[in-house]
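Asker: Spelled out, the chains give:
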Amino acid sequence: MSSYERLFDIPIGPQHPALKEPVLLNLKVDGEHVVDVGVDISYNHRGMEKAAEYRTYVQNLYLIERVCGICNIAHTLSFGTAIEGLHGKPAPERAKVLRVLAEELERIQSHLLWLGIAAHEIGFDTLFMYVWLDREISLDIMEAFAGNRITSSYISIGGVKRDMTPEIAGKMLKGMDKLEGRMAYYRKAISEERTVLKRTQGVGLLGAADVASLSAVGPFARASGVAVDVRADDPYAAHELVPIKVVTGDGCDVFTRIMVRIDEVVESINAIRFCLGHLPSGPILQRLPRRVPAGDFLSRVEAPRGELTHFVRSDGSDKPYRYKIKTPTFSNIPSLAKMLKSTGRYVVNIADVPVILASIDPCFSCTARFERIG
Amino acid sequence: MSRLSDDEILAMLAQSKAILDLKVTSPRRILAVAMPECYRRAVEAIVGIGISHVVALTAIDTESGFELQLQLGRGTIVSLKVILPAESPELATVADLLPGASVHEREVHDIMGISFKNSPDQSRLILPDDWPAGVYPLRKSFTPTVPVPAKEVKQ
Amino acid sequence: MDWALGLVSLLVFPGFALMIALSFLYEWYDRKLYAGIQMRRGPLYTGPMGILQPFADFIKLMSKEDLTPRHADRRVFNSVPVIMVALMLTALTMIPVTGASGLLSFSGDIVFAIVAMTFFCVLVFLAGFSSMSRYSIIGAERAVLQLLGFEIPLMLSMVGACIFSGSVTISGIVAQQSGLWNLIGPPLLGFAIFLIAAQAELERVPFDMPEAEQEIVAGWLTEYSGRKLALIRLARNLELIFIAGLAAALYLGGPLGPSTDALAPVLFPLYFIAKTLFVILLLAFMKSIFARVRIDQMVSFAWRYLIPLSLVQIMITLIWRAL
Numbered sequence: 000m001s002s003y004e005r006l007f008d009i010p011i012g013p014q015h016p017a018l019k020e021p022v023l024l025n026l027k028v029d030g031e032h033v034v035d036v037g038v039d040i041s042y043n044h045r046g047m048e049k050a051a052e053y054r055t056y057v058q059n060l061y062l063i064e065r066v067c068g069i070c071n072i073a074h075t076l077s078f079g080t081a082i083e084g085l086h087g088k089p090a091p092e093r094a095k096v097l098r099v100l101a102e103e104l105e106r107i108q109s110h111l112l113w114l115g116i117a118a119h120e121i122g123f124d125t126l127f128m129y130v131w132l133d134r135e136i137s138l139d140i141m142e143a144f145a146g147n148r149i150t151s152s153y154i155s156i157g158g159v160k161r162d163m164t165p166e167i168a169g170k171m172l173k174g175m176d177k178l179e180g181r182m183a184y185y186r187k188a189i190s191e192e193r194t195v196l197k198r199t200q201g202v203g204l205l206g207a208a209d210v211a212s213l214s215a216v217g218p219f220a221r222a223s224g225v226a227v228d229v230r231a232d233d234p235y236a237a238h239e240l241v242p243i244k245v246v247t248g249d250g251c252d253v254f255t256r257i258m259v260r261i262d263e264v265v266e267s268i269n270a271i272r273f274c275l276g277h278l279p280s281g282p283i284l285q286r287l288p289r290r291v292p293a294g295d296f297l298s299r300v301e302a303p304r305g306e307l308t309h310f311v312r313s314d315g316s317d318k319p320y321r322y323k324i325k326t327p328t329f330s331n332i333p334s335l336a337k338m339l340k341s342t343g344r345y346v347v348n349i350a351d352v353p354v355i356l357a358s359i360d361p362c363f364s365c366t367a368r369f370e371r372i373g
Numbered sequence: 000m001s002r003l004s005d006d007e008i009l010a011m012l013a014q015s016k017a018i019l020d021l022k023v024t025s026p027r028r029i030l031a032v033a034m035p036e037c038y039r040r041a042v043e044a045i046v047g048i049g050i051s052h053v054v055a056l057t058a059i060d061t062e063s064g065f066e067l068q069l070q071l072g073r074g075t076i077v078s079l080k081v082i083l084p085a086e087s088p089e090l091a092t093v094a095d096l097l098p099g100a101s102v103h104e105r106e107v108h109d110i111m112g113i114s115f116k117n118s119p120d121q122s123r124l125i126l127p128d129d130w131p132a133g134v135y136p137l138r139k140s141f142t143p144t145v146p147v148p149a150k151e152v153k154q
Numbered sequence: 000m001d002w003a004l005g006l007v008s009l010l011v012f013p014g015f016a017l018m019i020a021l022s023f024l025y026e027w028y029d030r031k032l033y034a035g036i037q038m039r040r041g042p043l044y045t046g047p048m049g050i051l052q053p054f055a056d057f058i059k060l061m062s063k064e065d066l067t068p069r070h071a072d073r074r075v076f077n078s079v080p081v082i083m084v085a086l087m088l089t090a091l092t093m094i095p096v097t098g099a100s101g102l103l104s105f106s107g108d109i110v111f112a113i114v115a116m117t118f119f120c121v122l123v124f125l126a127g128f129s130s131m132s133r134y135s136i137i138g139a140e141r142a143v144l145q146l147l148g149f150e151i152p153l154m155l156s157m158v159g160a161c162i163f164s165g166s167v168t169i170s171g172i173v174a175q176q177s178g179l180w181n182l183i184g185p186p187l188l189g190f191a192i193f194l195i196a197a198q199a200e201l202e203r204v205p206f207d208m209p210e211a212e213q214e215i216v217a218g219w220l221t222e223y224s225g226r227k228l229a230l231i232r233l234a235r236n237l238e239l240i241f242i243a244g245l246a247a248a249l250y251l252g253g254p255l256g257p258s259t260d261a262l263a264p265v266l267f268p269l270y271f272i273a274k275t276l277f278v279i280l281l282l283a284f285m286k287s288i289f290a291r292v293r294i295d296q297m298v299s300f301a302w303r304y305l306i307p308l309s310l311v312q313i314m315i316t317l318i319w320r321a322l
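Protein chains in written order, with numbering that gives the first Met the number 0: chain A, 0 to 373; chain B, 0 to 154; chain C, 0 to 322.
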C-alpha cells in the first residue's frame with residue numbers, strides 16, 4: 000500500500016522551542032518516524048557580505064565580529080589574518096600566541112554552551128543548568144582577559160588589543176583547573192547516565208565516507224573519524240608552536256559528538272596552559288596602513304563549530320572589493336539533511352530531531368547573512 | 000595519511016591539460032586557472048589526486064564579468080578560477096563529482112545569478128521566498144536599500 | 000446541622016478549598032526543590048520566598064486572552080479543562096486527610112481512584128485531539144501510548160498494597176497501617192513501581208513525552224491559553240496531590256501517626272502534608288536526574304521491567320500473606 004497518505008507534516012521552525020535561531024525543518028512523519036525532511040534556511044538575512052563592501056577595513060572589523068556572537072573571536076581572527084596576509088606582514092609572535100589563547104578560551108565557552116543545549120534538547124535540564132553555571136567560569140575569564148564576555152573586539156588588524164598580565168594569567172590558570180575537574184565529572188556522568196545513553200547512542204548516525212564526501216567540518220566530522228582540523232592541517236596563528244591534539248571518535252553518533260566536544264574542551268585547557276607558560280615577549284600590535292594592497296587572500300580558522308573561511312579581494316583601496324564568509328554550519332547542512340532521513344534499518348524518531356539538529360552545533364544567523372541591511 | 004606538499008600538488012596538477020595556469024600564491028594556497036569549457040575536467044583532475052574537500056565557492060562580480068573560484072582541499076587549498084561573461088553566466092555543475100558542492104552552487108546561484116547546468120537541485124537556499132526573481136544581491140549593480148528606522152518614518 | 004457540617008467539610012476543610020490551596024503550595028515546593036537541585040533560585044519575589052508565585056501565575060493566566068483554534072472541536076476543547084478539575088476534586092474526596100477515611104469512603108473506592116487516573120489520561124487525549132493542531136495530535140497520541148505502558152504496573156502496585164492489607168477500601172488500608180507502615184515490608188517494591196508509574200501519569204521528566212517542549216512545542220497543551228490553561232494547570236496540581244496522597248495512604252500510613260484524641264484534628268492533617276511532601280520530594284528528585292526517554296523506549300521499559308516486577312511484588316505479597 001502506498002504509505003504516502005499516512006504521512007503527516009510536522010514543521011519544526013522557524014519559531015520553535017527547540018530552536019534558538021530561525022530555520023525550518025519540514026518533517027514528513029509516519030507515526031513517530033521521520034520519513035523525509037526539507038531544510039529551509041532562508042529566514043535570517045543580514046546582508047553582511049554586501050555591507051562589508053561599503054565599509055573600510057577598520058569599520059569591517061566590528062561588522063565581521065557581529066557575524067556570530069558566540070564565535071566572534073574566530074571571525075575577527077580570520078579577518079585579521081586575511082588582511083595581514085594581503086599586507087604580507089603577519090602579526091607579532093606574542094600576539095599570535097595570545098590569539099591562540101583567546102581562540103581556545105572561546106572554544107571552551109562555545110562547547111560548554113553547546114553541551115548545555117544538547118542536554119536541554121534531550122530533556123535533561125539539570126545537566127543544562129549545571130553546564131551553564133560552569134560556563135560562567137570561562138566567561139568571567141574572558142571578561143578579565145579580553146574586556147568583555149562576548150564581542151570583545153579583542154583581535155585587531157595586525158595583532159591583539161590587550162596584553163596579558165600576571166594577575167589575569169593567575170586567574171586563568173585557577174579557572175582552568177576548576178574547569179578541568181568539571182569536565183572529568185561531566186565525562187563520567189554523561190557516559191554513565193542510562194537515559195542519556197539511550198537518547199544519544201546510535202542516534203544521528205553518519206559514517207565517515209558520507210562525512211568526507213559531503214565536506215563536513217568541525218567536531219561533528221571528527222566524531223565520525225574524519226580528522227579534519229584547520230589548526231593541524233593549515234596552521235594560521237601560533238599553531239606551529241602550540242601542540243594541539245586533534246580529538247576524533249569513531250561512534251558517528253550524537254553520543255560521540257558529545258564526547259569529542261568534552262575532550263576538545265580538555266585539549267583547549269591544555270593549550271591555554273601551554274600558551275601561558277610559553278608567552279614570548281615583544282609587541283602585541285603592529286600598525287598597518289589603512290589602504291590594503293590589491294590581491295586575494297583566503298584565510299581559514301578552526302572556529303568552535305568547525306572550519307571557518309574568509310575570502311577577501313582587495314582592489315588597493317581602503318574598502319574590500321568582495322568579502323566572502325563561509326561558516327561551518329553551511330558546510331554541515333547537507334550532512335544534517337542526510338542524518339534526519341530514515342533509511343532502511345536506520346530510523347529517526349521525532350524525539351531525535353532536536354538533538355540531531357543540535358549535534359552539528361548549528362548557527363543559522365551566521366550562515367545566512369546576505370540581505371537587507373544598510 | 001600524509002598530506003601532499005605544495006610542490007607535489009603543483010607537479011601533479013601540471014599534467015592536466017584542462018588547467019591553464021598554475022601557481023603558488025602564498026604558503027598552502029595554489030591558484031589554478033581553467034576555461035569554463037574545461038571546468039569540469041579540471042575539477043576531475045583535482046579530485047583525481049585526492050583533494051575533494053569543498054572549502055568554499057566564491058563568486059566575484061568584476062563588472063566586466065564574473066569570476067568564480069572553487070576552493071578545495073584540507074591542508075593546501077587549490078583555488079580553481081574560472082572567468083564567466085557578464086551576460087547570462089553559466090557553468091557546468093560539479094555537484095555529482097563533489098556532493099558537498101551542491102549547497103555552495105545553490106548559494107552562488109541565489110546571490111550572483113550564475114546558473115549551473117544539469118544541477119540536481121537549483122531551488123532557492125539563502126534568499127526568502129518573496130525575493131524578486133532576477134535580482135541578485137551580491138552583484139555590483141545591486142544597491143542595497145537602507146531600512147529606515149521606525150522613529151523617522153513617524154515624523 | 001449535619002448537612003451544613005458536611006457541606007463545610009466538602010467545600011472548605013478538608014475539601015476543595017484546602018486542596019486548591021495545597022495545590023499552589025505543592026507546586027511552589029516542587030519548583031523550589033527542582034530549582035535547588037539545579038543550583039537555581041526558583042520563585043523568589045511573590046510572597047515570602049516566592050511562595051505565592053503559583054497563585055500569581057494562576058491569576059495571571061485567568062486574566063489572559065482565551066483563544067480557541069478555528070478548527071478545534073469547540074465543545075470538547077472548552078469542556079475538557081472544567082471536567083479535569085471536577086474529576087480531580089471528586090477523586091480527592093477519597094483521600095484521607097483528617098483520619099483513616101476520606102470524605103467519601105465506600106467499598107472499592109480504590110477502584111474508583113484507578114479509574115479517575117485513567118480517565119484523566121482519556122481527557123488528555125480528548126484535549127489534544129480536539130485541538131486539531133499537529134503538535135497536539137502527536138502529544139495526544141503519545142499520552143495514550145504512554146497509558147498502555149504505565150497503567151498496568153500502577154494498578155498492579157496498588158493491588159499489591161490491597162492484598163497486603165486485606166482490604167479494597169482506602170480507609171481499610173490506612174487503618175491497617177496504624178501499627179506498621181506498608182512501606183516497611185513487601186509493598187516497598189510496589190511503592191517504587193508506584194512512584195515510577197506516577198511520574199508517567201503526571202507527565203514529568205523522564206516521562207514527559209506527551210508535552211516534550213523541544214520536540215512538539217507543548218504537546219497536547221499547545222493550543223490552550225488563558226483561563227483554560229489555568230484550569231488545566233490547577234487540575235494537574237490537584238492530580239499531584241491526589242497521587243502523593245494516594246501513595247501516602249497506601250504505603251505511608253495515610254494521615255495516621257502518634258497523637259492524642261484531642262490533638263488528632265490538628266496533627267493528622269499536618270502528618271498528611273508532611274508525608275505527601277516527602278513523596279513529592281522523591282518525585283522531584285526523579286524528575287531532575289534523568290533525561291527524557293523516547294516514547295518507544297518508555298513503553299518497552301514498562302513492559303520489559305515494570306510489569307514483570309509488579310507481578311513479582313504481588314507474588315511476594317501473596318506468599319507473605321500465606322505465611
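Don't read these hints as lab results, they were simulated from the structure.
Mixed in with the good hints there might be a few duds.
One side only, chain A facing chain C, incomplete, derived with CB under 8 Å [stated by the list, open to error]:
#1 Pro-21
#2 Ile-121
#3 Gly-122
#4 Met-128
#5 Tyr-129
#6 Val-195
#7 Ala-231
#8 Asp-262
#9 Glu-266
#10 Asn-269
#11 Ile-349
#12 Pro-353
With the C-beta cut set under 10 Å, the calculated list includes, among others, these residues of chain C facing chain A [as the list claims (entries may be wrong)]:
#13 Lys-63
#14 Ala-217
#15 Ile-313
Every value quoted in this text rests on a predicted model; they were computed, and no experiment measured them.
Every residue gets a Cβ at the ideal spot worked out from N, C-alpha and C, and that includes glycine.
Asker: Run the structure past the numbered hints and jot down the numbers of the failing ones, going up.
Answerer: Numbers 1, 7, 8, 9, 10, 13, 15 - these are the hints that the structure violates, sorted from lowest upward.
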